Each structure stands twice: as C-alpha cells, then as structure tokens.
Amino acid sequence: LPLTLPPILDNIAWFVGRWECKTTAGERFPEPMSGPYREILEVQISDVPMFDRPPVNVSTIAVTNDGRDVHSEVGFMTSKPFLEDTGFVEFNKPKQGDDLVGIETVSNN
Numbered sequence: 001l002p003l004t005l006p007p008i009l010d011n012i013a014w015f016v017g018r019w020e021c022k023t024t025a026g027e028r029f030p031e032p033m034s035g036p037y038r039e040i041l042e043v044q045i046s047d048v049p050m051f052d053r054p055p056v057n058v059s060t061i062a063v064t065n066d067g068r069d070v071h072s073e074v075g076f077m078t079s080k081p082f083l084e085d086t087g088f089v090e091f092n093k094p095k096q097g098d099d100l101v102g103i104e105t106v107s108n109n
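Take the sequence shown: its position 56, counting from 1, is numbered 56 in UniProt numbering, and each next residue is one higher.
To be clear, the hints were calculated from the coordinates, so they are not data collected in a lab.
Be aware that a few hints might be false.
[As the list claims (entries may be wrong)] Pairwise CB distance ranges, derived in the manner of DEER restraints: (1) E20 / T78: 19 to 27 Å; (2) E27 / P2: 16 to 24 Å; (3) G35 / P6: 38 to 46 Å; (4) D10 / V63: 29 to 37 Å; (5) P32 / T4: 19 to 27 Å; (6) D47 / W14: 16 to 24 Å; (7) G67 / L3: 31 to 39 Å; (8) V48 / R68: 35 to 43 Å; (9) V74 / P6: 14 to 22 Å; (10) P30 / P2: 18 to 26 Å.
Just so we're clear, the structure is a prediction, and the values are computed from it rather than from any experiment.
Just so you know, even glycine gets a beta-carbon here, dropped at the ideal spot from N, CA and C.
Generate coordinates for the entire structure from the input sequences, incorporating the hints supplied.
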C-alpha cells in the first residue's frame, strides 16, 4: 500500500515528488560541477516513527552533461508547526500568522 502524508506535513505536500532541472553552467551548492549538469531532487513520504515528528526522505543526484561529475546526497526533512509549545520562553513571536515553511540544512561538516 502506498504511504499517506501525515497531517502535520500538509504544509509541505506541494514539495513531495520528483523535481528535475538542467543548467547551462557548473555553479552548484555545495560543490561546483565541471560544467552544465542535470539534477534530480526526490522528496518521498516515509514511515511514521513511533516518536518525534514524521519525516520525508530527500535525495538528490547531479550529473554533468558529459557524465564526468556525479554528486549525490540523501537525508530527511521534518516539518515544525508554526505554533508549537516547546517549553522555552520566546519573545516577540506572533500568536498567529501565515502558514510558513522554513527549510534549514544541518551538517556535521
């Protein structure tokens, strides 16, 4: 059976799927490529854990047009509700607002 998107992830439902792009230059974050490349980003629903926020799996692969350079990354992403009681005191945080999504990367490098 296909997995369904947990309700807490509804705000990133538009992002789930396969995204492809082609470039005319080699500039790329975090590593430049030797020339123009094609990149595929896949965001897939994963199993819901028994605790913590449910994630989506994220993978990307970039390949130069001549096939000489290949760069791939895998990881996951979670969504945090706009209003969440974390137990910490927060100053100047609005009580209500638009349904915003913030994306940040975390690395051990």
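Worksheet entry | Enumerated hints in conflict with the structure, sorted upward | Hints 2, 5 and 10 contradicted; others consistent.
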